[in-house]
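For chain L, the structure is supplied; the task is to place chain Y on it using the hints.
Protein chains in written order, with UniProt numbering: chain L, 1 to 488; chain Y, 1 to 163.
By construction, these hints were calculated from the structure, which means they are not laboratory data. Yeah, the Cβ is synthetic: ideal placement off N, Cα and C, and Gly gets one too. The reader is advised that the hints may include incorrect statements.
The following label-pair restraints were derived from C-beta to C-beta distances [said to hold, decoys possible]: (1) 95(Y) - 359(L): 50 to 56 Å; (2) 387(L) - 64(Y): 43 to 49 Å; (3) 118(Y) - 198(L): 53 to 59 Å.
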Amino acid sequence: MPTDTNTPIVMKLDQNRRFMQDRIGVDQSFDIGFRTLHILDKEVNVYYVTGLCETPIIVELMRQLFEIGTETNEKKTVFQRIKNDIPHQQVEAVDSMETCITQLLSGLIVIFIDGETEALIVDVRSYPGRTPEEPDTEKVIRGSRDGYTENIIENTALTRRRIRDERLRNEIMQVGERSKTDICISYIQDVADPGLVERLKKEIQSIDVDGLSMADKTLEEYIVHQGYTPFPLVRYTERPDVAASHLFEGHVIVMVDTSPSVIITPTTYFHHVQHAEEFRQSPIVGTFVRWVRFFGILSSVFLLPLWILFVMQPDLLPEALSFIGPNEESTIPVVIQILIADLGLEMLRIAAIHTPTPLSTAMGLIAAVLIGQIAIDVGMFVPEVILYVAVSAIGSYATPSYELSIANKMSRVTLVILVAILGVKGFMIGMAFYILLLARIRSLNTPYLWPFLPFNAKAASQIVLRMSMPMLKVRPSITNPQNNQRQK
Amino acid sequence: MADKPKEQHQQEPQQSVFGKALGIGFTGGILWSALGVFTYYFHFSELSAASFLFRSYLQTDWTGTWLAEVLAVLIVGVISLVSAMLYYFTLKKQQGIWPGLVFGLVLWAVVFFVLTPLFPAIPTFTEMTSDTWVTTACLFILYGVFIGYSISYEYEEFNQSAN
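The following block holds chain L by itself, in its conformation from the complex (with noise of 0.2 Å):
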């Protein structure tokens, strides 16, 4: 992050710390520290933020610099001696006032002293956070359990545990004028496509925006230009296994610090319906899970649309599936019977994000029991229609990307008016705009329904069988990997 000024440390105490008070206000912050000591008959001034330093360490610090002050007999400076005497692994010296405040706010202790033009930097902070525990969206059955958190530099010591490889690189950069985020692009050096990390670069530096304040959403909106596509562009993850995997495969991570969810590019549209828990299982039992989740997701898009379609034309239905179709008359069209009872359980889901848990069992009590039955009972809803949207809600419960699962109930909706208006035309219709819209999107260069369309036949079949790790000879070539070789 360029700072527009840079003003130098002056010899004099006082111009400095007027400089402080104007910038900071010392004194208007109650979170802002400033202490006076006199060192060796010098005057010293110590800043720092009190969330964000372990008060044990300053009080080390501060008891060492009186020690000094009570032996004369040397010949150094007392710049010299504190710079040396500081008990601290991380100690800097700097001469521009803007980086004193920048870092004082990140949580260092700034050490001025009177009659020098460099103030000390001690690296003491100490974010509040939690500890890693397993994510909540991507929990598995075996494995390991932990999380990325909201500290960023944890989440690089989560990757750096998994993968000790000298290539791996987290490049650290700032952005945001008043926020002044840390963002940590991680790629393998020798694997990743350096066009990639460089573009990805470009487009961070180039943010201009006061504050991250949703942090990786905010960031993803301005690398992948999501435009008017309800598709998530690039994949999260809050699991460091899962991240490790897709940086040996060759693609970049994009951390950002106060989220616990990182960022993976390039992603398509196959990366949103895998989860964790098929390469935990023997390669048989992770296929057939895939096999039934891509199910579901079909199903999540595809089957209400087909049931209404049947339902307003029963002539289309073979003679074996004849039964399919509700038996009693109802007095509002299924259309907007499936339309209330779908947008309903949409609320239900949006209600139950925010409702504390003693009272979402409440909640589902009513939903379930009161609204469900009793639509049925007064005959407002036919049974099957809450079948069907049931059914369909599970198949979105079963998408792994909660982003994608919106997306497709979106795309449900809309199909199903598309399927009410215009019959089968508009179901055809309807399918061949999902697949071509989603054919036509390109995140960072990437075709989104790659490998199925353009089509990769060995890609392909990766994703409809989940292979063991030894038949993984080679990376993805999706990600465009300077060194395509996995495995001897």
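Same frame as chain L, but now just chain Y:
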């Protein structure tokens, strides 16, 4: 691109992309004509691949069975090699999905207007329902995009790695 390290590609360049184009043609033929069987089963369309290939020439009951449909799908896969070759030799340098879309529509027009005299069991265009028109046209468009986009993408990828 994934099957071999890129250095090996450069020794037999054209054949490699051409071989892939054939694979794409075969898969595309099977995939979309199988979807065609699905639309035939649910009466979206009065026609499936078997209507063209078997029911036009053979009058036995056998042509209405599943086996006939499966065989017809496989035969379409083979015929599709020809259209993939056609695309490869004419349009492979075009990028994006639009050329494929037009290619599919042209194929559809050829099959339904030009080639219909070859298939006695196929009703004339005006005798078909409008649902059949739309369903078959959508399938041909998806097929065309599948063939076209895949071949041109392979070609583009190959050129990038060669440079």
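A quick look at each hint next to the structure:
Distance hint check: the CB atoms of residue 95(Y) and residue 359(L) are about 54 Å apart, consistent with the given range 50 to 56 Å. In this structure the supplied range 43 to 49 Å is violated for residue 387(L) paired with residue 64(Y), their Cβ-Cβ distance being about 32 Å. Separated by about 55 Å at the C-beta atoms, residue 118(Y) and residue 198(L) satisfy the suggested range of 53 to 59 Å.
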